[in-house]
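Engineer: Given chain A, work out where chains B, C and D should sit, using these hints.
Number of protein chains: 4
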Amino acid sequence: MFEIRTDLAVEEKETCTGENKGLKGVSLREWRKASSAIKMTEVVVQDREGARAMGKPEGTYLTMEARDLGWQDEDYHREVSEELAVQLRRMVEKLKVDRAVPAAGPLYVLVVGLGNPSVTPDALGPQVLGNLKVNRSLTPLNKREEPEAVISGIVPGVMAQTGMETAEILRGIIHETEPDLIIAIDALAARSIRRLGTTIQLTDTGIQPGSGVGNHRHSLTADSLGVPVLAVGVPTVVGAAAIVHDTISTMIRTLASHMETRGMGDFLEQLPPDDQYQLICQLLEPEFGSLYVTPPDIDQTVKRLSYTISEGIHLAFYENPQDDRDFLIP
Amino acid sequence: MFEIRTDLAVEEKETCTGENKGLKGVSLREWRKASSAIKMTEVVVQDREGARAMGKPEGTYLTMEARDLGWQDEDYHREVSEELAVQLRRMVEKLKVDRAVPAAGPLYVLVVGLGNPSVTPDALGPQVLGNLKVNRSLTPLNKREEPEAVISGIVPGVMAQTGMETAEILRGIIHETEPDLIIAIDALAARSIRRLGTTIQLTDTGIQPGSGVGNHRHSLTADSLGVPVLAVGVPTVVGAAAIVHDTISTMIRTLASHMETRGMGDFLEQLPPDDQYQLICQLLEPEFGSLYVTPPDIDQTVKRLSYTISEGIHLAFYENPQDDRDFLIP
Amino acid sequence: MFEIRTDLAVEEKETCTGENKGLKGVSLREWRKASSAIKMTEVVVQDREGARAMGKPEGTYLTMEARDLGWQDEDYHREVSEELAVQLRRMVEKLKVDRAVPAAGPLYVLVVGLGNPSVTPDALGPQVLGNLKVNRSLTPLNKREEPEAVISGIVPGVMAQTGMETAEILRGIIHETEPDLIIAIDALAARSIRRLGTTIQLTDTGIQPGSGVGNHRHSLTADSLGVPVLAVGVPTVVGAAAIVHDTISTMIRTLASHMETRGMGDFLEQLPPDDQYQLICQLLEPEFGSLYVTPPDIDQTVKRLSYTISEGIHLAFYENPQDDRDFLIP
Amino acid sequence: MFEIRTDLAVEEKETCTGENKGLKGVSLREWRKASSAIKMTEVVVQDREGARAMGKPEGTYLTMEARDLGWQDEDYHREVSEELAVQLRRMVEKLKVDRAVPAAGPLYVLVVGLGNPSVTPDALGPQVLGNLKVNRSLTPLNKREEPEAVISGIVPGVMAQTGMETAEILRGIIHETEPDLIIAIDALAARSIRRLGTTIQLTDTGIQPGSGVGNHRHSLTADSLGVPVLAVGVPTVVGAAAIVHDTISTMIRTLASHMETRGMGDFLEQLPPDDQYQLICQLLEPEFGSLYVTPPDIDQTVKRLSYTISEGIHLAFYENPQDDRDFLIP
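Chains as they are written, first to last, in the working numbering: chain A, 2 to 331; chain B, 2 to 331; chain C, 2 to 331; chain D, 2 to 331.
Just chain A, with the same shape it has in the complex (with noise of 0.2 Å):
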């Protein structure tokens, strides 16, 4: 019942073993590029261990993070859209290499801006459609100017607009358009506030229900969708409930890293965790599920970041971005 959930895999990873720590069934990888400020993790969920472990699908969760130099930089959002541009590619080469999407032709995408327009944190996915320059409308029917990519794009809304689930309508127009790849943009819910506007995670996975600032989703997956589905994700709120939890946490080692009340935060740190769960659960309050956290000035942030993730996708397909430069691993 009770759930600090967060969407970014390298969070959960944290959250499972530390920073440093190994977990069975699950890879890690850090590196950063030669003069960039970018800073990329790739969490690999390696089999049926890893993904019980992280409680999230197997698959590959790659993150680019820019904590130092905040988003203000121009030339800087050019450089992420660049990257991402090359690791949709990488994605997408991975697929056809497993025949998973076909390997010649002109590649069908539809791209889905998930979350409520009305609500700011939740409007990067309709925000990116936005932006979206899409050219499925435009085909030629000359074989000759085939163009690499079939953009099309929808905003399907959310269920308290809709009384529809997202799955719904888009095994609809799946059904009926029939693209060979989803690529899903939606606003992310994170364990720290830190991360609020400074990451972008990509992954193979999809969308799994549960997760994410509304409760807009019912599992979008190659498996309920019967397409495979790359995720584009951005964390813009936090969870009241994990505020709060990060608050007993804290208070608990403060309380052990003072002579006067050593003994209650030890007492409390060795609780079995059933006690402790039990003690967080009586201080959550029923309302704080529902609840997030964000910062005044998300209209800005998921204004910008908007462009940077609909630029990376023209990038992708529309252009053909080298990826010839080298990479640092640490």
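Check the hints yourself; a few may be wrong.
Stated by the list, open to error - Result set (EDC-like, lysine to aspartate or glutamate): computed pairs, CA atoms no more than 16 Å apart in a straight line:
{"#": "1", "chain 1": "C", "residue 1": "LYS134", "chain 2": "B", "residue 2": "GLU83"}
{"#": "2", "chain 1": "B", "residue 1": "LYS40", "chain 2": "B", "residue 2": "GLU80"}
{"#": "3", "chain 1": "A", "residue 1": "LYS25", "chain 2": "A", "residue 2": "ASP48"}
{"#": "4", "chain 1": "C", "residue 1": "LYS97", "chain 2": "C", "residue 2": "GLU50"}
{"#": "5", "chain 1": "D", "residue 1": "LYS134", "chain 2": "A", "residue 2": "ASP298"}
{"#": "6", "chain 1": "A", "residue 1": "LYS134", "chain 2": "A", "residue 2": "GLU169"}
{"#": "7", "chain 1": "D", "residue 1": "LYS34", "chain 2": "D", "residue 2": "ASP99"}
{"#": "8", "chain 1": "B", "residue 1": "LYS134", "chain 2": "C", "residue 2": "ASP298"}
{"#": "9", "chain 1": "D", "residue 1": "LYS95", "chain 2": "D", "residue 2": "ASP181"}
{"#": "10", "chain 1": "A", "residue 1": "LYS134", "chain 2": "D", "residue 2": "ASP298"}
{"#": "11", "chain 1": "B", "residue 1": "LYS95", "chain 2": "B", "residue 2": "GLU15"}
{"#": "12", "chain 1": "B", "residue 1": "LYS40", "chain 2": "B", "residue 2": "GLU83"}
Hints in this document: simulated from the structure, not taken from any laboratory.
Structural biologist: Below, chains B, C and D alone, put in the same frame as chain A:
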């Protein structure tokens, strides 16, 4: 090629015949409710002959007009919502009798908000959906508490943004969610600027290609979608070509009514239709086809009417409006 | 430095004294209208001592609450609009008696929609202004047809977008257009998540710095603007710091109520206030100051309440609501 | 009474004289930058005689056109932004030489986004302000780090929403914040539909009453505001009256060019101007005055151009664009 289009059957009827004359295969009925400012007009296209003459498919076109009062009065809007509800229910009852929708059990209705939310006069459909209360996701499992209608809603967007035809998107969603009935809301193009924002048209024929503000539709009818389609529309624009056509007609009449120029007017009036057509085509710049004319306060009109229509749908399906008032048939 | 702020006087009162005890210089009155679900609370800060205790300036703070009913019912919203109109008129009458506004002739009112239109929970003010009917540009030259009130309106924006303080913009507009009275509409921060969207506060003290969602204000009061300021606000967010504070308080109480941990809870409860303050400060991350907590359906709440408030203003100034109903004073 | 208005001086010039002939008191200069698709036209209204002939006040009207290329290319938009920046700086330099603004120290600039944000073709000004980076609230106290320009911004709204004239609002804000210079951004009305979205006009004369999409202005000039006003505008609509006028003119020419009707055409062409005027007035319906014509993809045009213009302002005032490129004067 050259077409002065109108989405209003009542205007098409006038164009074909003048206001008072009959047209084979087309019936016309007008009435006004006692102590009401709403003028009702029903045009029924009865057979193929009528359809050919009107350029509109067979079916019923109901117009609610309120030229005199204007649309500022809030009680008046309530009255229009109620009348819209009554007429929607009548059309639904007729569909039940015709076995086009199930006669018993809850009626599954998908409301579709056509048009481009970011172009003001085209935003009527999306704005109605913004006000609409859907209940499909709330449907109780318990048969006893079954509502009379189960409503879902979608804003499919326009082809320039989605790369998909609206009909494709809807066919997909219909395939997946199996509604009994579609109600499509759309901004319409009128012939006369006096109609802008003062008329609601309700029809059981769905929506035909080539009409409306943008080019966002490709026949949304029972034939193309497999489900009956009721369409609710309000004219918010007049095509620029219509303005040009009217100017030329007025000019010819003006010339004919003045001593010095009577000869010219007569000459032009007596030109064979083909030559008149030639002349008009020469005067129409090709760019005019897609341009439209709209008043500067269109944002207020669309906002207000979007409430009138969503309220009409709520009254029709969530409440049970009494239709016991008498009509005066003139 | 550390402040758990609330914009609601009724919450400040509870914090200072608990719900039932008195506070010097502060009067409290509660009532409920016959056959009404609206609970009214009036907090009057009577003198300097009260102002110091409350951290709020002298004046009247009227709260309209509707926790039980919720805000879904449309008739209920009408009732709230009517009550708001009655109370607005009372405050205006008091200003006339006090000679703060002219007693005769039309009253010139400038309605100000504070907040950032692109951040959903901060958009209440701008949305009220989007619904507001202004008549200043329509004022007849003929004295006979003079309206009771001449209303103008402005959405000044937020400092991050304008580079100007709201007070600067308003002082300028007041200097030029010389209104008798300002009515400022704003989204508020509450202490308790149960207040979100269920309470309206009306005050004659204007708006103080440091409160609200963003940082968009710098004292909008009769002192700073030279014109009386009535403020209408609805809490739409809770500061993240308040959530943390509540968690810690609950944790201390929880510890104190369990056998094994009673000693710790007692110990913490009995810490001197300064030490408690120290502890809380250590637990509060600096980023929390600007973060806020808000529910995911905040867009619907803000949209609905913006109509309730604009309608209240219309009723107060364009119609003449009868205030002949009795109040039950418990 | 009857006026076919255009806000573009370059069109007014054509109307007055035809494209190639001179007009007393009005100078015309055209050039194109080497390897650029931007056509520059400068119309200078030099004296009263020119002003009377043009119906526009004395000053410089600079037009940047790009008919051939269209506005789809992103590099092209960058080029336009840079050229706009260069020309803005020139006009500011001229104002410094003329001592209309201070020659030394930071320049205080208030950018004004005119128009109605909820009517798409009128939303250019508000959308530019949505992209604009202001720095007035960030101004350092330290003289050393003084920026070259201190920018603030305001979206004053339209009279139908505020009940105040834009000039009133601006005079107030100017009185309070004392900027050295106003830059007003506005959607314009053109005579020719080919100008829509393809032309930017920059002028040092401010904005005159009676022009533009809505009726939202009442002379925003150095005279009325007490501060120099640079205006940046893009035509997004053509008045319906202009369409009618063009149709009649074309009709007359068409009649004159055909054997059978040549007599009529000649007759009409040779009518005294007053009679021609009479004829046109009879053909213009009174409602046409406020109606406008606009293309269906106006939302994309306005969105794109709002970035081009905000970027031009950023380049002009926050960076230091080099103006060392040669101009070819044809």
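Engineer: Evaluate each hint against the coordinates.
Structural biologist: Checked hints:
1. LYS134/C <-> GLU83/B: violated (25 Å)
2. LYS40/B <-> GLU80/B: Roughly 12 Å between the alpha carbons, so the hint for LYS40/B and GLU80/B holds.
3. LYS25/A <-> ASP48/A: holds (9 Å)
4. LYS97/C <-> GLU50/C: violated (27 Å)
5. LYS134/D <-> ASP298/A: Within the cut-off at roughly 14 Å; holds.
6. LYS134/A <-> GLU169/A: violated (25 Å)
7. LYS34/D <-> ASP99/D: violated (27 Å)
8. LYS134/B <-> ASP298/C: The given pair, whose Cα atoms are some 14 Å apart, holds under the 16 Å limit.
9. LYS95/D <-> ASP181/D: holds (14 Å)
10. LYS134/A <-> ASP298/D: Cα-Cα ~14 Å, so holds.
11. LYS95/B <-> GLU15/B: At roughly 27 Å apart (the allowed maximum being 16 Å), GLU15/B and LYS95/B break the hint.
12. LYS40/B <-> GLU83/B: holds (14 Å)
Hints 1, 4, 6, 7 and 11 from the list above are not met by this structure, while the remaining hints are.
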